[in-house]
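Enquirer: Assemble chain B onto chain A, guided by the hints.
The residues making up each chain are set out below.
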Amino acid sequence: MYRTYHPLYIISYILTIILFVLGAVFYRQPLIAVLLLLMIVLVPFSVFITLICAERLEPDAVSDRSGEISVAQSVTLTLKLTNPTIIPMLNCRLDFSLGNSLLGSFDNEVVMPAEAKRTKEVRIPIETSMPGMVRVVFSSLAVTDFLHFCTFTYPYEKIIELPVMPTQRQLPPLQFTKVSIPSDEAVSTGDGDLTTDIKEVREYRNGDRLRDIHWKILARKDEIMVKEYDRTKDLYYVLLPEFEYDFLKDDLEIFYACGKELLKRKETFRVALAGDTGDFLEMYKVASIEELDTVLYRIYDVYSGLKSGETSQIYDVFSRQYPDMPGVIRIHRGNIVMPEIIEEY
Amino acid sequence: MAVVLGAKRKEQAQRAEELERFGLTMGDFSTGNKSNRFFLCFIRACLIFLATYGTVGGVVSAIGLQYAVPIVIVALFVLAFFSAFLYYNKISFYIGYIVVFAGFIVFSISSYWYINSGYQAFVNVLYNKYSDFFALLSVREATEFVTDRYVTVSYAMIFIGWFFSILLNIAISGYMNLPATFLLTFLPLQTVFYIDMTPPVPYLVMLITVYVTVALLRRSGHFSLPYKNAKGEEFDRVRKKMKVGKEKHSHVYLSSSSGMLTIAGYSLLIATVFLLIVSGVFSELGSKYVSNKVKNTTDAYVKTAVQEGLTSLLNRYRATGGLAKGRLGGVGNVAPDFQTDMYVRFVPYSTGSVYLKAYTGVTYENDSFNGYNKDVSLDEPPMPDPAISAGGEYSKMWIQNVDAGHDYYFRPYDSYYATFNKSKCGNVIADETTEYAHQNYAESFEMLDSETEMKEFVTGDAWDNYEVLFVPYEMLVFYQPNPNVTDEYEEYVYETFLDIPEGQREELEKFLDEAGIEYDASKWRNVDVNDAEAYQKAQQERLDAASDLAVYFKNNFDYTMSPGVTPSGEDFVTYFLNVQKRGFCAHYAASSALLLRCLGIPTRYVEGYVISYEDVLDSDGVEGDVSEWQISSDTYENAGIVEVDVTDASAHAWIEIYLDGYGWIPYEMTPPSGEDELSASQLSLYALFEGLLYQTARNTVDNGNDDAGDIVNGNIGRVSGAFKALDFLFRPLCWVLGVLAAVIFSVYLYRYLKPVIKSRRLLKNGDYAGALLERYKSVPRKLYRRRLLGKKNQTLRDTEDFIKKWVEDGKTEKEQAFGKKKRKAVYVKAPAITLAELGEIMSLLRKAAYSGNNLGGDEYRRGIKLIRKML
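Those protein sequence lines, which keep their order, are chains A and B.
Counting along the first sequence from 1, when you hit position 9 you're at 9 in this note's numbering, and nothing is skipped either side.
Counting along the second sequence from 1, when you hit position 408 you're at 753 in this note's numbering, and nothing is skipped either side.
Bound conformation, chain A alone (with noise of 0.2 Å):
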């Protein structure tokens, strides 16, 4: 908790007091004296219930939606500020900011009463025009005592975050071709699982992980059988969006759209994302509809800080590292751009 001082109100309280004590030395009137002990009572009572009171204000954040949202769907996000206390009308108010990660965000600050002994909620209505993350950062509750002389701020930490997914988009019939990438290559999350084709079945040997148990063997036949999976012959399509500012609404739904079309062919595919600091790449296996959620609230993040103009470095960082580009997805300026038109690109 901090405080800050208001000395204009301060100034203005303590000259007012003054013209009341010249009004009831010279003027020798009682109910400016009567007054003017009414404003000396009223400073302490002012500065330290509130501080006391201020104490025990609990505030709240909750969202009406935990899970995602979609573009254009409101959501309401409620407020609450408890006052157990018997004193009304503190002078609350709340600092919190508001924004989708990938645009910005801008401040707001809720000025309202804690009302004696209630929760009062404010409702907060939102609507959303473009997918990504929208984040409520909350940082601090303020309450003001009744004369202003004094604001005590506490801090209140919380955030909320509320995805909201790409809207849907029809792609045209798309041939897509995988790629193939040698497991001992840069793709650090291969290790064999990337596939289900068992290549044989055999016996334990020390250091075979746990994982690799065939364990409906073992319960039928009490044999400790290992499975063992084909390294080499993985194939996988790679998604490679690359991220502009100003196409940054088709860029989302034309990747998301991708993504789930080879999920509904059932292909278990990869998505290739800049590192954080552009220069190296992150690779996703993606399976299911959750890791392509996943994918794409990493997206929210890794993309947060473009500006208008700018385009992500993927495809300068993923052409060194792949030159053949064999299988590629990219995904640039709202298109779909093939690896036949790599070419001529």
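Think of the hints as simulated: they come from the structure by calculation, not from any bench.
It is possible that part of the hints are untrue.
Claimed, not checked - Calculated lysine to any residue pairs in the SDA-like style (CA-CA distance at most 25 Å, straight line):
1) B:Lys-1127 / A:Leu-57
2) B:Lys-585 / A:Thr-78
3) B:Lys-1099 / A:Ile-86
4) B:Lys-868 / B:Phe-856
5) B:Lys-855 / B:Val-872
6) B:Lys-586 / A:Lys-260
7) B:Lys-591 / A:Tyr-245
8) B:Lys-379 / B:Phe-430
9) B:Lys-585 / A:Gly-305
10) B:Lys-379 / A:Ile-87
11) A:Lys-260 / A:Glu-228
12) A:Lys-117 / B:Leu-599
13) B:Lys-435 / B:Ile-450
14) B:Lys-1103 / B:Val-961
15) B:Lys-379 / A:Ser-74
16) B:Lys-882 / B:Ser-892
17) A:Lys-249 / B:Thr-370
18) B:Lys-593 / A:Tyr-5
19) B:Lys-1136 / A:Arg-93
20) B:Lys-1099 / A:Ile-87
21) B:Lys-1159 / A:Leu-51
22) B:Lys-586 / A:Tyr-245
23) A:Lys-80 / B:Lys-1136
24) B:Lys-1214 / B:Gly-1083
25) A:Lys-117 / B:Arg-382
26) B:Lys-355 / A:Phe-106
27) A:Lys-80 / B:Ser-375
28) B:Lys-586 / A:Asp-107
29) B:Lys-1122 / B:Trp-1080
30) B:Lys-1214 / B:Met-1187
31) B:Lys-591 / A:Ile-86
32) A:Lys-307 / B:Lys-435
33) B:Lys-593 / A:Phe-106
34) B:Lys-379 / A:Glu-109
Treat the numbers as computed from the prediction; the structure is a model and nothing was measured.
Expert: What follows is chain B alone, placed relative to chain A:
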């Protein structure tokens, strides 16, 4: 409507821009509760009603007028209700105001005679109260066309209340403005507060409730009605551009009916409790009118207005002290400005007053005593001065005339020589006197200073400065004839100083008859001066007549600096004696002069300055040899040379009475005024507040006298006045601060004792574990308060970890306040507990917390000991 549509379009455009820019936008905030504009207007109406009725009802009740309470309450509430609902919506605002004004006009016209009569009844009663308060003999009397005051006053209250409710509606509903509300209600109350009358406490409670409510609501900012549109927006949104290019949206909650109601309720509670406390504290002592400079100034105007109506204030002028030069009418009020008129340096020789005479009034006509100027009238035969030789005692006086008027010279009685450093001034003492003095008191002339020495006395832009030789003695009458008085002079005196204007003698004789003052002029005239007994008797009779008159004035007349003017066409003296019966020194001196002349005693009207003994005590001492200033057989005890700052407040008028064969002697006719200095009980704040809360008999003594020229009064308390003025606040302030300190102390004591009491209760039930945990609770709280822990309620493990690290390091850094710029780290020394002991107490606490009530008494005591070591 166009404005509303424009605002909506602007809002829509801004939201579209936000959607484009941020991919999201926020709609209208709401609390989910139904916006109750009606109830909000109702609360405002209640506030307006309390302010209106508190003011109007308070004033009327304070002066004791009866009125139809239920009808007035209902009417004022309806009017307040109507006024507040003007803001309900646009239609009610525009149409409502027309209806209000139309209704106001119709009511005013249709009930004009009732309202007018009610107002006049109020004014008549109020003026009577003022008259009683100021002891005025005449007051303005207005005509009441309808005599049933119960009805007319009610009408007038509704009329005034209507007017107030419209104004207060703007102040409260429109702006929640405390200064405007305060001024609108406070100023009308001054009509009664001014004369120490107090509205009954319920009215004050109403007003203070409104003040507190308006202040709290205004500062909270939550007092506006929700917007009247389909959605009923409850928040006001402002988009601000921040310095760094960011944007900030501010959403301010407009108001909630429950919040406003609670605030109003709390304000009512505060006002009631506060007034009850104040009344309890200040109810013991009685109330007395407390004089002060502001009231002294305003009292004069108030009295004039009460006596002669408000218009009388426009054609009056004030006098600021100094000489009136015999001009007596037209001054309704004397308000000295306390500017220096002269500096006088001399050796004090009396605890009485030193009179410096300047102006002598000879003939009275047209409200003026026409007198001599510095060129002595050629018709007047020579009259040696001093009237009597003083037997070898001489003194000198330096006088610097700064601003006392330069047509006259100021000199003490029995002065016989004056010298000036500016030749054009001439010599003020008759040559005969100086010649006489030269012959008889040659040694005194050795005291005279040279022109060079006199120059050191000249400072600033003094016009005159001069030196006077005089005979210092107390104002006593010597019953022996003055050999210097000639028959020729006495003849002149009896011809000149018994003059009374034509047609006034009858009035004066009538007054003297009523006063029972007698003097047989023929009997005591021409007494043989050689018959000592007869001569003394004659002189005594003359002085007794003057004394009788002075006593009569003292018993039947009042002294005031603000008597009001003599009405046009009335004689100054006659009006004073028969009607006014109150006035300042000029009134008494002029009237006495004529009355004594009427009795056959030669008397003259005199003006000048009086240096009171208090002035001498307040003056600065001057270094010098007293023997160079005074030749005396009996030097005044402890006397030194003083320089007195004589202000215009010391200007004075008195009379001189002629004693046959002896000469003129000064005589004081002005009665003393009330006590100027505040008594101990008056200084007490009890008395001040007593006046507010309890209506008691008041001391209506007029303390408005600052005329130090009046011998009895003096000029008291000017130096210490400022301190005394502040003193009255001391005791209530002590009370209030004491109560506050007691409350704070009680809170801390409660916080300290609460765990002790609770743990003792648990111990009584054998719950050692609960008692130990109860005592432990203060540990993380104290650490939080010392800003060592970030949270108030830490887990056992967190607290243990923190203290453990603290003990290991020997010190810990105090947490910086969040959001503040990082400052120099502050370290706090670790407590005396060892790590082993810490482990022991923590295991005990864990046992107490998680293992049920299986803690023994010894373990509890050990735990308490260790908890104490933790802090």
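Enquirer: Each hint needs a verdict: does it hold in this structure or not?
Expert: Okay, the hints, checked on the actual structure:
Between B:Lys-1127 and A:Leu-57 the CA atoms are separated by roughly 20 Å; this keeps the pair inside 25 Å, and the hint holds. This hinted pair checks out: B:Lys-585 and A:Thr-78 have alpha carbons roughly 23 Å apart, not beyond 25 Å. As the CA atoms of B:Lys-1099 and A:Ile-86 are separated by approximately 20 Å, the hinted pair is consistent with the 25 Å bound. With a C-alpha separation of about 22 Å, the suggested pairing of B:Lys-868 with B:Phe-856 holds against the 25 Å cut-off.
Of the pairs offered as hints, the one joining B:Lys-855 and B:Val-872 is violated, with about 28 Å between alpha carbons and a cut-off of 25 Å exceeded. About 42 Å separates the Cα atoms of B:Lys-586 and A:Lys-260, which puts this hinted pair outside 25 Å; it is violated. Between B:Lys-591 and A:Tyr-245 the alpha-carbon distance is near 19 Å, which keeps this suggested pair within the 25 Å criterion. Distance restraint check for B:Lys-379 and B:Phe-430: the Cα-Cα separation of roughly 19 Å lies within the 25 Å cut-off, and the hinted pair is therefore satisfied.
A distance of roughly 24 Å separates the Cα atoms of B:Lys-585 and A:Gly-305; the hinted pair therefore holds under the 25 Å criterion. Straight-line distance between C-alpha atoms of B:Lys-379 and A:Ile-87 comes to about 23 Å, which keeps the hinted pair within the 25 Å bound. Our distance criterion of 25 Å between C-alpha atoms is broken by A:Lys-260 and A:Glu-228, whose separation comes to about 30 Å. Distance hint between A:Lys-117 and B:Leu-599 is fulfilled; the C-alpha atoms sit about 20 Å from each other, no more than 25 Å.
Annotation: proposed proximity of B:Lys-435 to B:Ile-450 holds, straight-line Cα distance about 23 Å (limit 25 Å). Note on B:Lys-1103 and B:Val-961: the hinted pairing is violated, with a Cα-Cα distance of about 71 Å set against a maximum of 25 Å. Proposed proximity of B:Lys-379 and A:Ser-74 is supported: the alpha carbons are some 21 Å apart, at most 25 Å. Taking the CA atoms of B:Lys-882 and B:Ser-892, the gap is near 15 Å; set against the 25 Å cutoff, the hint holds.
Between A:Lys-249 and B:Thr-370 the alpha-carbon distance is near 17 Å, which keeps this suggested pair within the 25 Å criterion. At most 25 Å may separate the alpha-carbon atoms for a hinted pair to count; B:Lys-593 and A:Tyr-5 meet this at roughly 22 Å. For the proposed pair B:Lys-1136 and A:Arg-93, the alpha carbon gap of about 21 Å is at most 25 Å, so the pair holds. For the proposed pair B:Lys-1099 and A:Ile-87, the alpha carbon gap of about 22 Å is at most 25 Å, so the pair holds.
Between B:Lys-1159 and A:Leu-51, the direct Cα distance comes to roughly 21 Å. Compliance with the 25 Å bound is thereby established for this hinted pair. Restraint check for B:Lys-586 and A:Tyr-245: the C-alpha separation of about 24 Å stays at or below 25 Å, so the hint holds. The suggested pairing of A:Lys-80 with B:Lys-1136 holds, with an alpha-carbon distance near 21 Å, which does not exceed 25 Å. Using a Cα cut-off of 25 Å, the hinted pair B:Lys-1214 and B:Gly-1083 is violated, with the two alpha carbons roughly 35 Å apart.
Distance hint between A:Lys-117 and B:Arg-382 is fulfilled; the C-alpha atoms sit about 23 Å from each other, no more than 25 Å. At roughly 19 Å between alpha-carbon atoms, B:Lys-355 and A:Phe-106 fall within 25 Å of each other, so this suggested pair holds. Taking the CA atoms of A:Lys-80 and B:Ser-375, the gap is near 12 Å; set against the 25 Å cutoff, the hint holds. Proximity of B:Lys-586 to A:Asp-107 is assessed by CA-CA distance (about 10 Å); at most 25 Å being required, the pair is judged to hold.
With a C-alpha separation of about 36 Å, the suggested pairing of B:Lys-1122 with B:Trp-1080 is violated against the 25 Å cut-off. For the suggested pair B:Lys-1214 and B:Met-1187, the alpha carbons sit about 13 Å apart, so the restraint of at most 25 Å is met. Of the supplied pair hints, the one linking B:Lys-591 and A:Ile-86 is violated, its CA atoms being roughly 38 Å apart against a limit of 25 Å. Of the pairs offered as hints, the one joining A:Lys-307 and B:Lys-435 is violated, with about 47 Å between alpha carbons and a cut-off of 25 Å exceeded.
Among the hinted pairs, B:Lys-593 with A:Phe-106 is consistent with the structure: their alpha-carbon atoms are about 6 Å apart, no more than 25 Å. Straight-line distance between C-alpha atoms of B:Lys-379 and A:Glu-109 comes to about 23 Å, which keeps the hinted pair within the 25 Å bound.
Of the hints listed earlier, those the structure fails to meet are numbers 5, 6, 11, 14, 24, 29, 31 and 32, in rising order.
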